[in-house]
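Asker: Next come the chains, spelled out residue by residue.
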Amino acid sequence: MDLHITWFVLWGVLWAVYFMLDGFVLGAGMLHRVLGKSDEERRVIINTFGPVWDGNEVWLVTAGGATFAAFPTTYALMFSYLYTPLLLLLFGLIVRGVSFEFRGKEEGRLWRGSWDWAIVFSSFIPALLFGVAFGNIFAGLPMDKDGYHGSLVYLLNPYGIVSGLLFVLLFLEHGALYIAVKTTGELSRKAEAAAGKLWIPLLLVAVGFLGFTNFATKLYDNYLAAPALAVVPLTAVVALLAVRVCLAQGRTLSAFTASCVTILGVVLTGVIGLFPNLIPSSLDPLHSLTIYNSSSSDYTLRIMTVVAFIFVPIVIVYKTWVYRIFRGRVTAEAVALDHEAY
Amino acid sequence: MDVLALSRLQFAITTMFHFIFVPLTLGLSILVAAMETRYVLTGNEIYKGMAKFWGKLFLINFALGVVTGITLEFQFGMNWAEYSRYVGDIFGAPLAIEATVAFFLESVFIGVWAFGWNKVSKGVHCLSIWLVALATNLSALWILLANAWMQHPVGYVLRNGRAEMVDFVALLTNPFGLLKFGHQLTSAFTVAGFFVMGISAWHLLRQGNRPFFKASFSMAAVFALLASIGVALIGDLHAADVAKTQPAKFAAMEAVWDNCTNAPLHLLAFPDEKNQCNLVSEFPIPGMLSLLAFRDSDAQVRGLNSFPKDERPPVLPVFLSFRLMVGLGTYLILMAALAVLFSSRGILERYPRFLTLLVWTIPLPYIANQLGWIVSEVGRQPWIVYGVMKTSDAVSKAISVPQVLGSLIGFTLLYALLGFVDIYLLTKFARKGPEGLFTPGADPVVDEELILVPAGAAGK
Chain A
1 MDLHITWFVL
11 WGVLWAVYFM
21 LDGFVLGAGM
31 LHRVLGKSDE
41 ERRVIINTFG
51 PVWDGNEVWL
61 VTAGGATFAA
71 FPTTYALMFS
81 YLYTPLLLLL
91 FGLIVRGVSF
101 EFRGKEEGRL
111 WRGSWDWAIV
121 FSSFIPALLF
131 GVAFGNIFAG
141 LPMDKDGYHG
151 SLVYLLNPYG
161 IVSGLLFVLL
171 FLEHGALYIA
181 VKTTGELSRK
191 AEAAAGKLWI
201 PLLLVAVGFL
211 GFTNFATKLY
221 DNYLAAPALA
231 VVPLTAVVAL
241 LAVRVCLAQG
251 RTLSAFTASC
261 VTILGVVLTG
271 VIGLFPNLIP
281 SSLDPLHSLT
291 IYNSSSSDYT
301 LRIMTVVAFI
311 FVPIVIVYKT
321 WVYRIFRGRV
331 TAEAVALDHE
341 AY
Chain B
1 MDVLALSRLQ
11 FAITTMFHFI
21 FVPLTLGLSI
31 LVAAMETRYV
41 LTGNEIYKGM
51 AKFWGKLFLI
61 NFALGVVTGI
71 TLEFQFGMNW
81 AEYSRYVGDI
91 FGAPLAIEAT
101 VAFFLESVFI
111 GVWAFGWNKV
121 SKGVHCLSIW
131 LVALATNLSA
141 LWILLANAWM
151 QHPVGYVLRN
161 GRAEMVDFVA
171 LLTNPFGLLK
181 FGHQLTSAFT
191 VAGFFVMGIS
201 AWHLLRQGNR
211 PFFKASFSMA
221 AVFALLASIG
231 VALIGDLHAA
241 DVAKTQPAKF
251 AAMEAVWDNC
261 TNAPLHLLAF
271 PDEKNQCNLV
281 SEFPIPGMLS
291 LLAFRDSDAQ
301 VRGLNSFPKD
311 ERPPVLPVFL
321 SFRLMVGLGT
331 YLILMAALAV
341 LFSSRGILER
351 YPRFLTLLVW
361 TIPLPYIANQ
371 LGWIVSEVGR
381 QPWIVYGVMK
391 TSDAVSKAIS
401 VPQVLGSLIG
411 FTLLYALLGF
421 VDIYLLTKFA
431 RKGPEGLFTP
441 GADPVVDEEL
451 ILVPAGAAGK
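Same order as they appear, the protein sequences are chains A and B.
Note that the first sequence ends on residue 342 in my numbering; no numbers are left out.
Note that the second sequence ends on residue 460 in my numbering; no numbers are left out.
Because the hints were derived from the structure by calculation, they are not lab data.
Keep in mind it's a predicted model, so treat the numbers as computed, not measured.
From the three backbone atoms N, C-alpha and C, an ideal C-beta is built for every residue, glycine too.
Don't take each hint at face value.
Which chain B residues stay away from chain A? Per the calculated CB distances, all over 12 Å, these [what the hints assert, rightly or not]:
(1) Leu-205
(2) Arg-350
(3) Gly-387
Footprint (simulated), chain B over chain A, 3 or more residues, beta carbon under 8 Å [what the hints assert, rightly or not]:
(4) 39-52
(5) 75-84
(6) 291-301
(7) 319-331
(8) 334-342
Please take these sequences and the hints and turn them into a complete structure.
Answerer: See below:
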């Protein structure tokens, strides 16, 4: 297989897996203050993802690193064009990480209350900005031979905002389901109820996004050219509906699984629509960044392919093992007894 | 200031801030793993307490290292897009490999270690901190190989308007990278050794939990001594390699202006960049510099004046950083040697002034690490890739002064806040001591073993 295509697939999968995994941490982070009424409940929520959030975030670092290694021109232009949104995103991720670590290290209400708000904002901002950024990438960035003609304000166009909203709602739903699965009693029931309520706006925005995509982007062209590919967006839609069905039956774990599939499906739907572009130009298709005109040499792609095909399966094995170790529900009693808990 | 100057300043601030946390992570992961291994082997609860107490400080430090690390990966593209585009074919690979091979391992097993005390067996728990230690040190290898390529580019050709990789093995075996790796690792271990000794000394001065902190101290002292000697030995090899591969940097490190055979090492010197000479150069050791650089006291050392003016690094910061680093390194070897001597004889507490000095020594290896990087990075200027690409050609074209000024201010404020909270929490938990983290005295035989030499022997 053409290595450019291999790396395009890997690139899409890395982003999709990142959003699936960090999505529930971002979602739970946005929700922990609303769902957790007491300090005890909030600690329980934070400890549900305590052992895994860092490992989840590494998918982002790897997605960034893979972009750099396989498509250096895309990496260079994407990161410098999207300077300000990426900066805000970075600030969000930095604050979020330290907030988890710092929050439980002092008793005071002011201390914990401040970090709680920090967690909410530092989860919301990356969720929103990832959506805005990807929406704009789907639609194409205003770039031509003179470079980039956009700005942060430009990115907040209607399609960008709808995409941002879609990501926020997807992650909220995902996070609520995760909390429902990982906690017990009243907290779990509250999270389940929240997931039920969030589903309606999520569906509305998702439908709006799919419709808007037809006008704002050229993503559907690939599906018209190869209708078999439509299985991916269809899976996403079915999975989103399955979330509601499972919730109605009280099967929260299945609902969470369906939510995982929804996120993978949504991201891959967009990525497949981009092919062979990584970032289309909205001004002039000649200046789109494609997997051919922005890629590394064949030699580098070969080396990277060998590395990826050896190590990614190993990573998946030990990550799965770790999720199994921490598979149980987190209780307030267990958190209170654990010195190392957040 | 223009985008270039602001971007350089921002890169310096964010990298140096990140690098406050890295050395301790590299070294303390190994010390904690060694402590926990002793716990697993002996069943002695005090070692479990040590792993937990030092592990808590490790985790606070680790969190800062993780979050400030993402900034660096993003910044290559954000601020240095021309660089990333030009060298991404060869420079991107080690970064991507670092994430795939090292960051996953590190981040997943740090979760197992921190949250898994009651979830996995003792052996698996201990293995997980060893995997963290392995992964963090492995990540250092990859990032240093990437940096080494900027210092001494190998395994590439200039083709298609960029640097393309043609020899991956050359990248992996770049002698510059391997020497730097050795020098950096031992420097990082020195930081960790003095960190543990300094905090232990603070408690010993206050009679807090003596067996616990004596045991911690003696492990750290041996570690610090071996490491600090390693720093000097590998540093010597590294400097000799720099003399060959980056003669302009070497000339700046030693403030050598004119080509010189049988070059002396001046014990006291001070460069005058404006007049391209030294204001002071006293106490020469004849031929010493040639000997250190080329293992031959008659060899020629190239002077700065033999380089075009626009290919010379700033001399004063490189020269001063290098001298100060070497001075600190020497001091640290002496301190570590005394620490091993006193702790192995069980007479540490007879020297309260030495203990106090050790507390104040905690920041010094950190400073030495930063100084080393100033030598390395400022000394490489004006090149971003030595001899291949100038730093001034590397900056992004799409960013503006207000953008970078805004991000620079943002980073500075955010990092200042984080640094403040970090120091506050580290101090708080370091002072608190290990009480409540383990059940001491579960094994009464232990206390005797902890004072490494029986009390009687100390008096002989």
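Asker: Enumerate the violated hints, using their earlier numbering and listing them in ascending order.
Answerer: Structure breaks no hint.
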